[in-house]
Structures are given as structure tokens and as C-alpha cells.
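Engineer: Model the full assembly from the supplied sequences, consistent with the hints where possible.
Chains as they are written, first to last, in this note's numbering: chain Z, 1 to 548; chain U, 1 to 406.
Just so you know, these hints were derived from the structure itself, not from any lab. Warning: the hint list may mix true and false statements.
To be verified - For lysine-lysine, the following DSS-like pairs were computed, each having C-alpha atoms within a straight-line distance of at most 27 Å:
| no. | chain 1 | residue 1 | chain 2 | residue 2 |
| --- | --- | --- | --- | --- |
| 1 | U | 218 | Z | 204 |
| 2 | Z | 197 | Z | 164 |
| 3 | Z | 285 | U | 384 |
| 4 | U | 290 | U | 321 |
| 5 | Z | 164 | Z | 285 |
| 6 | U | 54 | U | 79 |
| 7 | U | 215 | Z | 204 |
| 8 | Z | 535 | Z | 472 |
| 9 | U | 102 | U | 79 |
Here the structure is a predicted model, which means the values were calculated and not measured.
Listed below, chain by chain, are the residues.
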Amino acid sequence: MTGLRLVGVFALTLFAAATTTLDPIRFEEAKAPRFSTLTGRTARKYLPQTMGGGVAVFDYNNDGLLDIFVVNGAAMPGLTKDGPQYSDRLFRNNGDGTFTDVTESAGLAGRGFNIGVSVADYDNDGFEDIFVAGVHRNTLYHNNGDGTFTDVTERADLARPDPKYGPLWAVGAAWVDYDRDGLLDLFIVNYVRWDPKTEPVCEKGGSPDFCYPQAYAGSPNSLFHNNGGGTFTDVSASSGIRQSIGKGMAVSVADFDGDGWPDLFVSNDTLPNSLFLNQRNGTFKEVAVENGVAFTENGAAISGMGVDARDIDNDGRPDIFETALLNETMPLFRNLGPVGFEEITFSSGVAQPSRAKTGWSNGIYDFNNDGRKDLFAACGHVMDPQGSLRATVPQTNIVFANLGDQKFADVTSSAGAALARSGVHRGAAFGDLDNDGRIDVVLTQLDGPLRILHNVSPAPNHWLLIRTLGIKSNRDGIGTRIRVVTEDGVQFNSVKTAVGYASSSDLRVHFGLGRRTVVQRIELFWPSGTHQVLKNVKADQVHTVREP
Amino acid sequence: MNFLAVASLAVISLAATNPGFAPHSARPAQNQQSDREATKERFRQSLELDPDNKEAVFGIARILVEEGDFASAQPLFQKYVAVSPADPGAWAYLLRCAVALKDPTGAADAQRQIERLAPVNLALHAQAACWLAESDFLGVTAREFDLVMSMLPSQPSRTAPSYLRLGQCYERALDTDRATLAFQAALDLDPQTEANYLPLAQLLAKEGQAGRASKIMKDAVARFPRSLAVWIAAGNIELESGNPERALESQRQAVALDPQFPGSLSLLGRIQIAQGRHSEATATLERAAKLAPFDAAIHFYAGEAWMKTQDGTDRAFEHFKRSLELDPSRAATYYWLGSLYFHRSHDYRLAARYLEQAANRDPRLEAAHQMLIQSYKRLGDDTKAAEHLRLYQHLFQQQAAPEAPQ
Numbered sequence: 001m002t003g004l005r006l007v008g009v010f011a012l013t014l015f016a017a018a019t020t021t022l023d024p025i026r027f028e029e030a031k032a033p034r035f036s037t038l039t040g041r042t043a044r045k046y047l048p049q050t051m052g053g054g055v056a057v058f059d060y061n062n063d064g065l066l067d068i069f070v071v072n073g074a075a076m077p078g079l080t081k082d083g084p085q086y087s088d089r090l091f092r093n094n095g096d097g098t099f100t101d102v103t104e105s106a107g108l109a110g111r112g113f114n115i116g117v118s119v120a121d122y123d124n125d126g127f128e129d130i131f132v133a134g135v136h137r138n139t140l141y142h143n144n145g146d147g148t149f150t151d152v153t154e155r156a157d158l159a160r161p162d163p164k165y166g167p168l169w170a171v172g173a174a175w176v177d178y179d180r181d182g183l184l185d186l187f188i189v190n191y192v193r194w195d196p197k198t199e200p201v202c203e204k205g206g207s208p209d210f211c212y213p214q215a216y217a218g219s220p221n222s223l224f225h226n227n228g229g230g231t232f233t234d235v236s237a238s239s240g241i242r243q244s245i246g247k248g249m250a251v252s253v254a255d256f257d258g259d260g261w262p263d264l265f266v267s268n269d270t271l272p273n274s275l276f277l278n279q280r281n282g283t284f285k286e287v288a289v290e291n292g293v294a295f296t297e298n299g300a301a302i303s304g305m306g307v308d309a310r311d312i313d314n315d316g317r318p319d320i321f322e323t324a325l326l327n328e329t330m331p332l333f334r335n336l337g338p339v340g341f342e343e344i345t346f347s348s349g350v351a352q353p354s355r356a357k358t359g360w361s362n363g364i365y366d367f368n369n370d371g372r373k374d375l376f377a378a379c380g381h382v383m384d385p386q387g388s389l390r391a392t393v394p395q396t397n398i399v400f401a402n403l404g405d406q407k408f409a410d411v412t413s414s415a416g417a418a419l420a421r422s423g424v425h426r427g428a429a430f431g432d433l434d435n436d437g438r439i440d441v442v443l444t445q446l447d448g449p450l451r452i453l454h455n456v457s458p459a460p461n462h463w464l465l466i467r468t469l470g471i472k473s474n475r476d477g478i479g480t481r482i483r484v485v486t487e488d489g490v491q492f493n494s495v496k497t498a499v500g501y502a503s504s505s506d507l508r509v510h511f512g513l514g515r516r517t518v519v520q521r522i523e524l525f526w527p528s529g530t531h532q533v534l535k536n537v538k539a540d541q542v543h544t545v546r547e548p
Numbered sequence: 001m002n003f004l005a006v007a008s009l010a011v012i013s014l015a016a017t018n019p020g021f022a023p024h025s026a027r028p029a030q031n032q033q034s035d036r037e038a039t040k041e042r043f044r045q046s047l048e049l050d051p052d053n054k055e056a057v058f059g060i061a062r063i064l065v066e067e068g069d070f071a072s073a074q075p076l077f078q079k080y081v082a083v084s085p086a087d088p089g090a091w092a093y094l095l096r097c098a099v100a101l102k103d104p105t106g107a108a109d110a111q112r113q114i115e116r117l118a119p120v121n122l123a124l125h126a127q128a129a130c131w132l133a134e135s136d137f138l139g140v141t142a143r144e145f146d147l148v149m150s151m152l153p154s155q156p157s158r159t160a161p162s163y164l165r166l167g168q169c170y171e172r173a174l175d176t177d178r179a180t181l182a183f184q185a186a187l188d189l190d191p192q193t194e195a196n197y198l199p200l201a202q203l204l205a206k207e208g209q210a211g212r213a214s215k216i217m218k219d220a221v222a223r224f225p226r227s228l229a230v231w232i233a234a235g236n237i238e239l240e241s242g243n244p245e246r247a248l249e250s251q252r253q254a255v256a257l258d259p260q261f262p263g264s265l266s267l268l269g270r271i272q273i274a275q276g277r278h279s280e281a282t283a284t285l286e287r288a289a290k291l292a293p294f295d296a297a298i299h300f301y302a303g304e305a306w307m308k309t310q311d312g313t314d315r316a317f318e319h320f321k322r323s324l325e326l327d328p329s330r331a332a333t334y335y336w337l338g339s340l341y342f343h344r345s346h347d348y349r350l351a352a353r354y355l356e357q358a359a360n361r362d363p364r365l366e367a368a369h370q371m372l373i374q375s376y377k378r379l380g381d382d383t384k385a386a387e388h389l390r391l392y393q394h395l396f397q398q399q400a401a402p403e404a405p406q
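Structural biologist: This is the structure:
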């Protein structure tokens with residue numbers, strides 16, 4: 001495992017030198033399935049109404065095309081889906097730019113006020129399953145492999161309320177094989193303790209509006225160990241996860257300390273972020289403060305929102321991109337290895353453009369396939385779109401191009417008219433919907449239509465999508481770290497679906513290859529410990545790699 | 001955790017009370033010291049002649065209290081009250097000693113005596129309650145505080161400063177409930193004095209009671225519409241309460257009264273910072289700094305504004321350093337300089353030096369400790385990093401205790 005990092009360190013500058021001009025990033029608005037994330041709007045404001053909007057892109061029917069699943073709100077304050085307008089939805093990708101609503105036949109209409117979604121094949125049967133995070137109610141759907149799903153929450157033992165706090169408000173989740181036993185475990189991000197009966201009344205500028213998070217107590221996150229056989233055991237306390245009380249908004253899984261075991265970064269709203277380092281014995285140690293990722297340079301906890309952790313400078317260490325509230329900037333933490341992280345939000349050029357935004361779901365992806373991972377954040381203010389601050393609530397999204405040397409440029413204004421459209425954006429899922437090698441973005445808006453940003457970046461760059469199939473490892477290969485070598489240098493990435501806020505992204509790992517048509521070497525470090533090497537792999541394909 | 005709010009509120013006070021702040025001269029303190037030594041020597045000589053000289057026993061004990069030598073003062077006051085048991089002042093000093101020496105029995109005894117001997121002496125009880133604010137003697141403190149508050153209905157407006165001071169004592173002791181009651185009492189007694197509005201409004205704003213704070217300052221500006229200080233304070237309160245638009249209205253009123261008053265520009269600059277208009281903020285605060293070059297707070301805010309612009313790091317350094325020259329007492333200024341050295345210059349040695357200064361001045365400044373952990377890790381000093389991690393965790397656990405899981 002150490003070798004992976006050492007090789008990466010000296011390879012770092014090679015790729016940056018390969019492309020001297022900036023290849024443009026362009027998106028166009030594509031026709032999206034008809035759907036709006038409803039918040040159960042009421043005159044009185046309830047905090048869940050400013051959240052929600054989870055979206056997933058995944059291939060539920062194994063036809064090689066990414067389908068779309070969106071969660072939905074409910075009537076308030078009862079938290080009930082009292083009509084079809086509140087239904088969660090599954091849209092099957094027809095492969096021609098259109099989608100078919102298959103919610104009813106799939107059995108995924110859902111119940112309650114749902115916020116987020118996380119997808120993975122938790123039972124290793126070859127079909128992707130769905131976990132839906134909601135307010136006081138979570139749901140695990142087992143994919144039956146025939147286009148239908150079954151609610152197995154009770155059977156999986158995931159329906160019990162928290163022993164101390166009762167039903168928790170889950171925002172999102174990550175599937176992670178934290179003990180590397182070949183079965184995906186479930187980490188659930190919980191937000192604040194909330195009860196409609198005790199919802200405080202707040203106002204902004206004389207109008208009723210959402211209260212700040214400080215008005216609510218925090219809650220612990222949850223970790224469930226996959227026992228196999230379709231059941232889970234709550235190990236939140238024994239693993240040490242429960243000791244940290246937060247107001248969790250998102251989680252990103254990565255091997256931050258390079259020891260080969262998956263670690264967890266949780267962004268918290270108005271509380272210090274959490275970094276749970278895997279102790280390799282079923283427990284985690286929270287070390288965000290000592291590693292410099294709990295706060296920004298202001299020394300204050302920010303309103304942490306979405307998070308993605310990937311290697312932005314190809315030095316072999318996953319870095320962290322977090323979104324936050326208007327005027328807080330969107331922190332970028334560079335992983336320095338044993339001494340922790342340094343915040344490079346200012347020096348990277350991300351601070352100024354992001355300061356004017358409230359970011360939600362986000363991702364680190366190479367949108368122009370130049371071999372350097374770029375940044376995208378879905379934006380929209382938290383306050384009531386009809387309140388006194390309504391003019392500032394809808395926001396345009398933001399995209400940064402990676403210039404190399406840990407520098408980024410805000411290229412939103414040149415990324416197409418679709419990026420000029422404002423909205424109350426929340427969820428964003430990243431994936432290649434049309435298998436053309438360019439990463440598209442599916443966006444949700446509160447009380448607004450679903451959006452698809454089709455990536456039409458024009459540079460004739462090459463790419464590779466790697467789909468991992470675990471044998472000894474979990475079947476999705478989640479947690480596999482991948483090192484790719486071309487003539488331009490080295491790149492790193494890893495297999496995950498938990499990306500951004502409340503959302504779940506393409507399982508396949510994307511690499512932009514610039515002008516290179518062949519990948520000289522691919523190394524896969526599977527969670528099982530298996531080290532696999534592939535040589536001379538052609539570019540521009542979805543390459544499935546089976547664990548040996 | 002909310003370091004920014006605390007830091008900025010701290011500097012508000014500085015701006016509001018000390019527009020031309022400059023370091024104190026050391027000369028008066030030296031004079032005071034030599035006067036005290038001379039008096040002490042005089043009392044010593046008296047005691048050599050007559051060891052039971054009451055005046056000398058009391059006098060020397062009082063000086064010992066002023067010097068912080070409570071262990072030596074306590075037996076002298078005990079000796080004094082053995083001879084003059086009806087002097088409530090002596091019992092008050094014994095209370096002071098008991099608080100400092102963490103002697104709950106002594107404190108309870110002294111409090112009973114003061115209450116018995118001078119049941120309606122507001123000044124004495126307010127002072128006793130003030131001293132008790134820093135103690136852990138819950139029962140005695142509650143008794144004395146309640147006693148002072150029970151006197152309120154019969155007090156004339158001129159006693160408002162006693163309640164104001166009481167509020168300050170409890171605010172320092174982080175007992176915000178009692179501080180609020182005392183500040184409110186001062187305001188109720190004397191609403192004709194501007195100075196009685198601000199402490200209460202600031203405390204409420206700091207505690208998240210923005211609506212109440214705002215209402216108090218609305219009352220203040222209604223009563224003192226020609227007071228520049230009140231408009232500025234009202235603007236600051238609105239700003240701290242997250243209402244930059246209302247702050248801007250207050251600022252406009254202040255400008256109407258005096259377009260050249262640096263405090264108005266300073267407030268405008270802070271509003272612009274809050275609104276994310278950092279380039280405008282730098283211009284505004286540069287103008288303010290020209291008008292009031294010796295105002296530490298204005299330089300502090302100018303540093304903050306420059307720090308948030310893309311190429312403003314050098315200028316931010318200059319302003320923070322100037323602010324520090326003018327007022328070397330503020331933990332927040334050391335913190336920002338440490339943060340700049342850490343994040344922008346990557347000079348971890350200098351960062352640690354400034355951050356240590358910040359932590360020394362305000363040991364509860366979590367932000368300084370957490371950045372010191374990072375600085376020492378970068379410097380390879382794991383022992384110091386671990387020490388600050390312990391301090392940080394201690395502070396954080398104190399805050400998080402009510403929410404700790406079972």
C-alpha cells in the first residue's frame with residue numbers, strides 16, 4: 001500500500017506538464033424526465049423543506065446504461081406521501097436520450113419525507129440495491145433482478161430507532177466495506193434531532209423562514225455491519241462512530257492515510273467536520289482536528305454541505321472538496337500525508353468564485369478528459385425561495401477547471417448556457433449517461449424540475465471507464481483503488497458511489513486520458529488485498545475488470 | 001466554536017469605546033506601585049508599635065488583597081473581625097479571600113455576616129456578588145445575586161452602574177443568564193443613559209437572541225436619535241445578528257450625522273465584508289484607516305477584508321500588524337496573523353509564535369489551539385501538538401458535554 005503512494009509522489013508533475021492549453025468544459029441542457037422534488041411547501045417553515053433532493057445514477061437492470069432514481073419529499077408536517085406527486089421515481093434509460101418512468105412496476109414509490117440515496121450491490125447478487133435516507137425513516141430496497149425491488153428494511157434490521165434519540169433524520173449514506181470481509185457495510189449520515197412538534201419559529205427580514213442549524217441539537221452517525229444473509233448489525237457504538245455528535249450532511253469514503261483501509265470524511269453543518277480513520281480492527285478514530293480538516297483557515301466550523309474526496313493532483317493521496325454556505329467559500333483540503341491536510345481554497349483559486357455560492361452536492365471529475373480532475377458544485381441558497389431573501393435563493397451552479405499545480409479556474413461562464421440557469425439546486429449525481437466517455441450531471445431542484453447537464457466538452461480527448469467486478473471483494477469492487485499510467489503520467493481514483501450531498505454516482509471509475517489512446521498500465525488494489533495489473537488497455541471504452 | 005462571532009464582538013467593544021486606542025503608558029502603574037509600597041511600610045511600622053492596631057491590620061490586609069496575596073490577607077481580616085465583628089466591609093474582604101482561596105465555608109460565613117450587618121447596602125452586595133461570580137459556590141452565589149436583584153425595586157436610577165458592573169462580572173464568568181438579568185436591571189433603572197443599552201444588546205446578540213437585541217437598540221436609537229455612538233452600536237448589533245441590510249440602514253443614519261466619522265466607515269466596511277463585497281470593503285476601510293490611523297479596530301477589519309480578496313494577503317499582514325502595534329492585547333489579532341503565516345506563507349514557526357500569543361491571551365480560543373496542533377505537526381514537534389490537542393479537546397468537550405452520547 002505504501003508503494004502506491006510513493007510512486008504517485010514523483011509522478012505528480014508528469015501529467016500536469018502534458019496538456020499546456022485548457023480544454024474547454026461544456027454542458028448543454030438535455031431533456032430530463034418530468035419530475036420535481038417537492039418539499040411540501042407550507043406557510044410555516046419546517047427544516048426538512050430546505051433539504052432533500054437526493055438523486056442516483058446507476059444501472060439497475062444491467063443493460064449498460066445509467067438509470068436515474070430520485071427521492072422526493074412529503075406533505076408537512078406529517079411527513080406522509082399523501083399523493084403521487086410525492087412519489088420517489090425510477091427512470092429507465094432508453095439509450096436514446098429518453099427515459100421511461102418505471103417507478104410503479106419497480107415498487108419504488110416510497111414512503112415518508114426522503115432526503116438522500118445511496119446505491120450498491122450489498123448482497124453481491126449482481127444487481128444494484130438502493131438505500132433511501134429519510135426523515136425518521138430509512139428504506140433498503142433489494143433489487144430482485146427482474147425490474148422490481150422489495151423493501152427489506154425490517155428484514156435487514158435497519159428499521160430500529162436510535163436507542164437514545166429515537167428515529168433519526170438521515171441525509172445520506174455510503175456503502176463501504178470497512179472491515180474488508182467482502183460485504184458492503186452501511187454508513188448513514190444523520191443530521192439534527194428534529195421534531196415537527198417542537199419546530200422553532202424563525203424569521204428573516206420580517207418573513208417566516210428556515211431556522212439556522214444552531215437551533216437544533218446534533219445527532220450521531222450510524223454504522224451497520226453487513227452480516228451476510230441480508231441482515232445488518234448496528235455497530236455505531238462499538239466502532240467508535242457514535243462518539244462524535246455532529247450535524248452530518250454528507251460522507252466521502254477514501255483511504256486518506258494510505259494504509260489500504262477505507263476511512264470516512266463527514267461534512268457537518270456548523271460543527272467541525274469529522275474524519276474517521278479506520279483502525280483496521282473494526283473501530284474508527286476521529287481525527288479531523290489534528291489533521292487540519294475540521295475547520296477552514298478562519299478557525300470556525302462552516303456549514304459543511306456536500307463532499308467528494310479524490311486525488312486532484314495525482315500524488316496518490318485523496319484530497320477533499322467540500323461545499324458550504326454563501327460567504328464561506330468551498331474548502332479544498334490537500335492531503336499532505338502524515339502531517340495531515342492543508343487548506344488550499346485560496347491558493348487554488350477556488351475561494352473567490354465559490355464565496356458567492358451556497359453549494360450542495362459536488363463532485364471531483366475530469367469533465368474535459370484532459371487527465372486532470374475538475375470540480376463541480378450544485379448551488380442554491382438554503383433560505384425560503386419566497387421569503388425576504390428570495391432574490392438570492394436560486395443560484396447558478398459552478399464548475400472549476402483543473403489547471404494543474406493545484407490551481408483551478410472558474411469556467412462556469414464559458415461552460416454553456418445550461419450553466420447560466422439559476423435554480424434551487426440540491427442533489428447532483430455524476431455519471432456517463434450516454435457512454436460517450438464524458439461525465440454528465442443529473443441535478444435536482446427544490447420545487448423545480450429535474451435537470452440533466454449533458455457533457456459536450458469538445459476537445460478530442462480520450463477516456464476510459466473501468467467497471468470493477470469483485471470476486472473475493474464485494475461484487476461492485478467498491479473501495480478498489482486504481483492507478484492508471486499513460487505516456488502523460490499517472491492518475492489515481494477509486495470505486496465509490498457516495499459522492500456529494502445526498503446523492504449516488506456512477507460506480508464506474510472515469511479517467512480522462514488527454515491525447516493518449518492507450519493506457520500503458522492499470523493497477524487495481526482491491527479491498528481483498530489483491531493487486532492486479534493490466535497492460536496496454538485501449539482507450540475510449542467501458543472496460544470491465546474482474547478480480548482475479 | 002463560534003470564534004468569529006466572539007472575536008468580532010470583542011472588537012466591537014474596542015471600536016465602540018476606544019476610537020483612538022493606544023497602549024497605556026507604564027508610568028502611572030509604577031507610581032501606583034511605589035505609593036502602595038510606601039503605605040504598606042507605614043502600616044508595618046504601625047503594627048510593630050501596636051500589633052492590634054485595627055487600622056493598620058485592615059489597611060495592610062486590603063493591600064495584600066490588591067496584590068492578589070489572599071492567603072496572607074485572610075488571617076489578617078480574620079484578626080480584624082475578631083475585634084470589630086460589625087464591620088461589613090471587612091466581611092466583604094473575607095468573602096473575596098474565600099473566593100480566591102476556594103473556601104466555600106468561609107464564603108458562606110462571610111456572606112451571612114454581610115447580609116446580617118448590611119442588608120440593604122447595594123454597593124457592598126453588588127461587589128460581593130461580583131466576586132462570587134468567579135466562584136464555584138453555587139448556593140452562596142445564588143443567594144447573594146438574588147439579594148442584589150431583590151433590591152432593584154427600591155433603587156434610584158443613579159445605582160444603575162452597580163448593576164451594569166454586576167452584569168459585566170457575570171458576563172466574564174460566562175453566566176449569561178445572570179449577566180442578562182443584571183444588564184436588564186441597569187437599563188430598567190436608567191434608560192436615559194446610552195451606555196446602559198449596549199452591553200445588554202451585545203450579550204443578547206452573542207447568545208443568538210437577535211430579535212431582543214435588535215429591539216433594545218431600536219429603543220436606543222428612538223431615544224437618542226442624534227447619538228452617533230448609538231447608531232453605530234445599533235448597526236454593529238444588527239450585523240452580528242445576521243442582518244446586514246438593517247445594519248446598513250443604521251450606518252446611513254450615522255453617516256447623516258457625521259459623514260467623516262471613521263466609526264461609520266468602519267461599520268460600512270464590516271457590512272460589506274458580511275455581504276461578501278470584499279473589494280469595496282477594502283476601499284472603505286482604507287479610507288477609515290486614513291481618517292483614524294490609530295484605531296486598532298479599523299486596522300483589524302481592514303486586515304480581515306484584505307485577507308478575503310485574492311491578492312490581498314500582503315496588505316492584510318500590514319493591517320493586522322499595525323492593529324497589533326496599536327493594541328497588543330487582542331487575541332483575535334494574533335490569531336489572524338498566525339492563520340496568515342500558516343495558510344498563506346506556510347511559515348509554521350511564525351504561525352506558532354502568533355497563535356501561542358493568541359492562546360495565552362484567550363485560553364478558550366479553540367481556533368488557536370487547533371491551528372497550533374497543525375503548526376507543531378508541521379514543525380515536527382509532536383509533543384506540543386499533542387498538548388494543544390488535549391487543550392482543544394478539553395475545550396470542545398466542555399461545550400459538547402450536554403450533547404454527549406450515553
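Engineer: Taking only the CA atoms, is the gap from residue 535 of chain Z to residue 472 of chain Z under or equal to 27 Å?
Structural biologist: OK: residue 535 of chain Z and residue 472 of chain Z at ~22 Å, within 27 Å.
Engineer: Assess, step by step, whether the Cα of residue 215 of chain U is no farther than 27 Å from the Cα of residue 204 of chain Z, and give holds or violated.
Structural biologist: With a Cα-Cα distance of about 15 Å, the restraint between residue 215 of chain U and residue 204 of chain Z holds, given a limit of 27 Å.
Engineer: Hinted pair, alpha-carbon criterion (27 Å max): residue 54 of chain U, residue 79 of chain U. Please report holds or violated.
Structural biologist: holds (9 Å)
Engineer: Assess, step by step, whether the Cα of residue 290 of chain U is no farther than 27 Å from the Cα of residue 321 of chain U, and give holds or violated.
Structural biologist: Judged against 27 Å, a Cα distance of about 16 Å means the pair holds.
Engineer: Hey, residue 197 of chain Z versus residue 164 of chain Z, does the alpha-carbon distance stay inside 27 Å?
Structural biologist: Measuring from Cα to Cα gives roughly 19 Å; hence the hint holds.
Engineer: Against the 27 Å threshold, does the CA-CA distance of residue 285 of chain Z and residue 384 of chain U hold or violate the hint?
Structural biologist: Holds. Residue 285 of chain Z to residue 384 of chain U sits at ~20 Å (cutoff 27 Å).
Engineer: Straight-line Cα separation of residue 164 of chain Z and residue 285 of chain Z no greater than 27 Å?
Structural biologist: holds (22 Å)
Engineer: Holds or violated: residue 102 of chain U with residue 79 of chain U, Cα cutoff 27 Å?
Structural biologist: Holds. Residue 102 of chain U to residue 79 of chain U sits at ~20 Å (cutoff 27 Å).
Engineer: Residue 218 of chain U and residue 204 of chain Z: Cα distance at most 27 Å?
Structural biologist: holds (17 Å)
Comparing the model with each numbered hint stated earlier shows that all of them hold.
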